[in-house]
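Trainee: Using the sequences provided together with the hints, build the complete structure.
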Amino acid sequence: MPRIGGTPILVMSEDTERQRGKGAQGSNIAAGEQVAEIVKTTLGPKGMDKMLVDEIGDIVVTNDGATILEKMDIEHPAGKMLVEVSQTQDTETGDGTTTAVVIAGELLGQAKELLDQDIHPSLIIKGYKIAQEKAIKYLKEASQEVTIEDEDILQNVCSTSMKSKGTAIGKEEVLAELIVKAVKQVADEKNGAYTIDKDNIKIETVGGGNLENSELIDGIVVDKERVHSNMPSRHENPKIALINAPIEVKGTETDAEIQITNPDQLEGFLAQEENMLKEMVEKIDKVGAEVVFCQKGIDDAAQHYLAKRGITAVRRVKKSDMKKLARATGASIVSSVDDLTDEDLGNAENVEEKRMGDSEMTFVEGCPKAKAVTILVRGGTEHVVEEAERAVVDGIGALTCAIETGEVVTGGGAIETHVAMRLKEYADHVGGREQLAIEKFAEALEAIPRVLARSAGMDTIDTLVKLRSEHSSGKERYGVNVLKGKVENMENLKVTDPTKVKEQAISSGSEAANTILRIDDIISSSGGGDSGGPQGGAPGGMPGGAPGGMPPGMGGMM
Numbered sequence: 001m002p003r004i005g006g007t008p009i010l011v012m013s014e015d016t017e018r019q020r021g022k023g024a025q026g027s028n029i030a031a032g033e034q035v036a037e038i039v040k041t042t043l044g045p046k047g048m049d050k051m052l053v054d055e056i057g058d059i060v061v062t063n064d065g066a067t068i069l070e071k072m073d074i075e076h077p078a079g080k081m082l083v084e085v086s087q088t089q090d091t092e093t094g095d096g097t098t099t100a101v102v103i104a105g106e107l108l109g110q111a112k113e114l115l116d117q118d119i120h121p122s123l124i125i126k127g128y129k130i131a132q133e134k135a136i137k138y139l140k141e142a143s144q145e146v147t148i149e150d151e152d153i154l155q156n157v158c159s160t161s162m163k164s165k166g167t168a169i170g171k172e173e174v175l176a177e178l179i180v181k182a183v184k185q186v187a188d189e190k191n192g193a194y195t196i197d198k199d200n201i202k203i204e205t206v207g208g209g210n211l212e213n214s215e216l217i218d219g220i221v222v223d224k225e226r227v228h229s230n231m232p233s234r235h236e237n238p239k240i241a242l243i244n245a246p247i248e249v250k251g252t253e254t255d256a257e258i259q260i261t262n263p264d265q266l267e268g269f270l271a272q273e274e275n276m277l278k279e280m281v282e283k284i285d286k287v288g289a290e291v292v293f294c295q296k297g298i299d300d301a302a303q304h305y306l307a308k309r310g311i312t313a314v315r316r317v318k319k320s321d322m323k324k325l326a327r328a329t330g331a332s333i334v335s336s337v338d339d340l341t342d343e344d345l346g347n348a349e350n351v352e353e354k355r356m357g358d359s360e361m362t363f364v365e366g367c368p369k370a371k372a373v374t375i376l377v378r379g380g381t382e383h384v385v386e387e388a389e390r391a392v393v394d395g396i397g398a399l400t401c402a403i404e405t406g407e408v409v410t411g412g413g414a415i416e417t418h419v420a421m422r423l424k425e426y427a428d429h430v431g432g433r434e435q436l437a438i439e440k441f442a443e444a445l446e447a448i449p450r451v452l453a454r455s456a457g458m459d460t461i462d463t464l465v466k467l468r469s470e471h472s473s474g475k476e477r478y479g480v481n482v483l484k485g486k487v488e489n490m491e492n493l494k495v496t497d498p499t500k501v502k503e504q505a506i507s508s509g510s511e512a513a514n515t516i517l518r519i520d521d522i523i524s525s526s527g528g529g530d531s532g533g534p535q536g537g538a539p540g541g542m543p544g545g546a547p548g549g550m551p552p553g554m555g556g557m558m
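Position one of the sequence shown corresponds to residue 1 (my numbering), numbered consecutively onward.
Simulated from the structure, these hints should not be mistaken for laboratory data.
Accuracy of the hints is not assured; some may be wrong.
[To be verified] Here are the simulated lysine to any residue pairs, SDA-like style, with alpha carbons at most 20 Å apart:
1) Lys181 <-> Glu225
2) Lys134 <-> Gln435
3) Lys371 <-> Asn350
[Unchecked claim] So the derived label-pair ranges between C-beta atoms look like this:
4) Asn347 <-> Gly208: 43 to 49 Å
5) Glu352 <-> Thr147: 17 to 23 Å
6) Asp459 <-> Arg355: 51 to 57 Å
7) Ser233 <-> Thr381: 25 to 31 Å
8) Asp197 <-> Asp339: 24 to 30 Å
For glycine and all other residues, C-beta sits at the position ideal for the given N, C-alpha and C.
Mentor: Listed below in structure tokens is the structure:
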């Protein structure tokens, strides 16, 4: 403790905890490894599920890494960094979240061994950065080109992504076919390159039936019913209007008071309101609209007049659904009934209200050149439907990456083994202590085939030896066939991953590991009491300390 003339200088409050050097690094590494260990067993088609129970008893059963980490209550700051890795991976690619977290955890574990050998963290980080750049280079070199017309390869990409979801086993081909059609339909081409807005693919889940009953709707399914029972439940080749304003009498913009002194005045006032609503409906009818989707409310009287004219209306449609309806039908969203013209109307082969499960839904189908579609996912139970939905989301993400970048690699741990062996060869030419870090980076990548082998009940050491032997003899497509428990050619088994998913997993995993390794001091405060400093924190700074305080030793996680 610093002293002036024998008097100690208090920089931080007495309840502040501090860890430095190897103690801080060890705590962070342990937290990162623990987070990775939680999701590690979910990797691959034979991965196990996790049951997540929240404070009110709601249960989620899943093996989706992103969902698990999102719902876990992780307190340790280093553990939260790995959650951020998962979120970044999910945002950028929509798939590969478990792979990214496993790689980050393995890199931390390998770094711990180097730290125990008194190798400075800055040298480890330098070696990891070199290895990361080389790994991505080798990944690109091993990639195969794919175009939007290569439907077989695209379906393989989809199926591979979804096979890790237990509920989809045996049904991946059915869902993959729907996803490929959906993505191709919404893809926008410009100068030979394709961009895909995943928001233009709506996923609607319905309990009942089974996964084989899932279907692609060339239009939009709105989970709303018509507002009046006398409105037609079906229209063929209707004109469709999209209105984001209420079909109601607007209130005054400023406070106003209307004094009514006799029944005649009241009757006249109500009649005027009714006439205004009638005029709005007549305007809609005059332009030729037969179906109206309204983002706001529809007055009861307006509902009656719309029904009398045979116009079907749906109210309080979500803004996102309105945008999708516009892309699907070609209609323009208008902000006022007065602005509606026949040029603003869209088209569809039919609009029909159907009962799905225990609710009524409005189907807008047969949209010409629809640039927004719906995948209707069916399932026997709520758990099956939810997990199938997550599988479809991952499949769409993987397929989008493959089409936009035009590159795919062989999965099943084959590409990780290939890159790891190339890194080890490169490390021999580097020299110095960075060589050790590059070799450890390679070993961390081999965690993917190792985890796949373990989930299939295979001997991990024998599997890695076999893989290395096959790759050394030029069989670079060999990986782990978890369904048969063998090392086989993954290309023949149609196990394919987008290059971007693997690249992002390696990048985000290594960057998170480097960030954690760079930390050599952890300072935390309980944040309680009034110690005289700002916000109850340490005097002269560090307001509030760590959010919610940190448990002793920084070891608390959940």
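Trainee: Give a verdict on every hint.
Mentor: Hints and how they fare:
Taking the CA atoms of Lys181 and Glu225, the gap is about 27 Å. The hint is violated against a cut of 20 Å. Between the alpha carbons of Lys134 and Gln435 the distance comes to roughly 13 Å, so the proposed pair stays at or under 20 Å and holds. For the suggested pair Lys371 and Asn350, the alpha carbons sit about 17 Å apart, so the restraint of at most 20 Å is met. In this structure the supplied range 43 to 49 Å is violated for Asn347 paired with Gly208, their Cβ-Cβ distance being about 30 Å.
Look at Glu352 against Thr147: about 36 Å separates their beta carbons, and that is not inside 17 to 23 Å. Judged by the Cβ atoms, the range 51 to 57 Å given for Asp459 and Arg355 holds: they are separated by roughly 53 Å. Taking the beta carbon of each, Ser233 and Thr381 are about 29 Å apart, inside 25 to 31 Å as hinted. The hint said 24 to 30 Å for the Cβ distance between Asp197 and Asp339, and at roughly 26 Å that hint holds.
Of the numbered hints listed earlier, those contradicted by the structure are 1, 4 and 5.
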